[in-house]
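Undergrad: First to last, the sequence lines map onto chains A and B.
Residue numbering for the first sequence follows the working numbering, starting at 366 and increasing by one per position.
Residue numbering for the second sequence follows the working numbering, starting at 12 and increasing by one per position.
In short, the hints are calculated from the structure, not lab data.
One should not assume that every hint holds.
One side only, chain B facing chain A, incomplete, derived with CB under 8 Å [said to hold, decoys possible]: (1) Met171; (2) Gly214; (3) Val231; (4) Val237; (5) Thr238; (6) Phe464.
Derived DEER-like restraints, expressed as beta-carbon distance ranges [unchecked claim]: (7) A:Pro521 / B:Gly295: 54 to 60 Å; (8) A:Thr565 / B:Pro138: 52 to 58 Å; (9) B:Ser285 / A:Ile568: 33 to 39 Å; (10) A:Pro550 / B:Val430: 39 to 45 Å; (11) B:Leu47 / A:Pro550: 48 to 54 Å; (12) A:Ile568 / B:Ser232: 44 to 50 Å; (13) B:Ala386 / A:Cys495: 18 to 24 Å; (14) A:Glu395 / B:Cys434: 49 to 55 Å; (15) A:Thr565 / B:Glu324: 38 to 44 Å; (16) A:Ala422 / B:Gly295: 18 to 24 Å; (17) A:Lys551 / B:Pro216: 30 to 36 Å; (18) B:Ile259 / A:Leu450: 48 to 54 Å; (19) A:Gly569 / B:Glu126: 44 to 50 Å; (20) B:Cys434 / A:Lys551: 41 to 47 Å.
Fair warning: this is a prediction, and the values are worked out from it, not measured in the lab.
Virtual Cβ for every residue (Gly too), placed ideally from N, Cα, C.
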Amino acid sequence: MSLSFEWETLFILLLNSLAVLFTFWIWQQEKQSTAITRHPVWSPLSLVLGLLMLNAAVVYLWRASFGIEFGIVFYFVATSIITWLLILLRSLRKPKKHTKTHQKKRSFIARPTAQVVNNGFWRERLWRRCISFLLAGPWTLIVCLALAALWVLMYPGKNANALVSAALLLPILWGIGASWLVSQPKRLKPFIVSLVFVVTMSIGLVGGCCDG
Amino acid sequence: MTAKVNCEINTNLEPAKSPAKTKVQRALSSHAFLGLTLSILLFLICLSGSLVVFFEEFERWEQPQIPEYSNYTAPQLETALDAFLDRVEEVPESIYLVLPTAAVPRIHIAGDNQEWFVAEDGALLEPPVEGWTYFLKELHISLHLPHTIGLIIVGAFGAMLLGLIITGVLAHPRIVKDAFLWRRHNSERLKQVDLHNRLGVWGIPFFVMIALTGAFIGLVSVLILVTASAFYQNDREAVVDEVYGPDIQVNAELEPVNFRAILTNFAAHDDSASPIYLVLQNYGTRQQFVEVAATLPERLIYSEIYRYHVNGEYINQQGMSNGPWGQQLAYSVYRLHFGHFGSAWVKVLYFCLGIALTVVCVSGVNIWLLRRQPALFYRRAWTAMVWGTPMALALSMFAIGKWFSAGQLFISGVALSLVIAFCCRSYRLSRCLLQLITAAILVFVVIAHRLLFDYPVQLDATNGVNAGCILLALGLVVSAVKTLFEHAKLAAGEVTGAPIQLTDS
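Next up, chain A with everything else stripped away, as it sits in the complex (with noise of 0.2 Å):
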């Protein structure tokens, strides 16, 4: 594996540069004042076709250099570090004197929500936080188990697709349900829901499995 590069690989990623600083403009623009809904020669739908068509280039010159697969990859990892150098570029400007007094009225005003926000939070007792805890990781990880056991059974094509789908499925599904079930206030519904679910699908496939 040497560190080589190649002119083609530099012209892609100047254009996967264009198709960011385009982005970084519309954004801008929106922004300011000359919102683009008002801009005398752009309508909104040309710029984000523009954007569109622009990012399509992008991802096929990707696609075309170095496969379909590595491609994509490439598309994403690099439109994210050009854009966090963007950034990075932005922020080295010393903001304007007027800006200062503005941030320093938001602080002030963030200051107190921070507390309600984290007060509430953390006046939880101690057994509270710990059944969130149960509930969110190794209850959810039972139910979504379940569901991927339902997927596998339901899918209509090969096996092997159907178990790898769920193997992905899994992850998914137990991020969504542990971070839904930590945000509900009253977890006490959810839970019955998913124990009937997971009492239902555990007789189903205990009946399914003696059925032979």
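Take the given structure of chain A and dock chain B to it, following the hints.
TA: Okay, now just chain B, sitting in the frame of chain A:
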């Protein structure tokens, strides 16, 4: 009483829209709960994962005396196999002959946890060491817990990271408005919030991919267990075979392995594929056959497997590259997660993005610390964690000297960082000190490496790792000096009575 106070504060801020929490607040509290609960281990997994991207280079750096070459011959492989069979007490069911690649230009032969490097004449050299790189890999893969349990736990962190990404997006109503903002010259809290959000939002495709592939690798064993018990009469092997394809059954005359015929037929069969290893299955029995694993250009699959009789006659291929999409996807997960595809630049990019995810994790906790202003203990403990772990990892690199194990050195480093973090007057000073110590350790590691091993200075992995250590040390020194200046400024502010942010007192 507390509810009353809350209510009062709330009315001072903005009129409450409804008594129930809004969706954004709910997402935020869920994000905070999951993030804070998982932060320490998630940080450890992300940091070690960023470094593990270079595990092949680290393995070469740990044993620079092993000869490196790209070409190999059939007689060399035959000699290596004979030497291996002479050395092992029992013939393993599968014998692996790992061939040189651009990333690791070395040959090694392995089977049943016995492994040796192979010289250019086919003689066996020393075995690979289970040193610092092994420690780092195990830290990332299983957190040094019993392997399967550790793997599942790390996989669970991948799933929770997906949850954190989703709640993070839902909790960010100004995602478009602030898309390119990083208010570095504002308050420390706003700086951290912007850093967290900008890195988090623009890195979403990569973070989702890493979380999903990591969770897949970790949790697949749990799903195999469940589906095997539900649909395959507890036969886990059957589930694995369903995805990767079953082993073939061969019954042929006993013959010696003809490497020349196998390699010649392989090159004739598919000249675009690059062989990465050979597996001798059921060696010395009538069921023996050879598998040639090879990477394909522009494909993320780990390898396609071509099967041959020992006399070189082609049998079939496993179908990793042209089988069902599920099979192809399952076999692509490894390279996608570790960034082992394309050129070495991919590894560098993966490292940068991995560090970005680590920074997202750290800045998330920093935001909570700045908002909540908890007891000093938490701030110091977090400083010890964030800056002590790299120091401990750097210290554990001295395992190359074989005086202490990497684990012992790592634990000592963590203990030292805790002492420093809790003894310093301020967490800023302790951070600065930890950075300087890490930089010094990295420089000493490079010096120790050069003294311990004799190797030429050229553009290769060993010198690349040393150069990386020096660059990292320089970066840490610059950061520490910057922190010292900031600290001095704050101290001056304290004297003149100007408002001070982030002091320990």
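Undergrad: May I ask which of the numbered hints given earlier this structure violates, with the numbers listed in increasing order?
TA: When the structure is compared with the hints, numbers 6, 7, 9, 11, 12, 15, 16 turn out to be violated.
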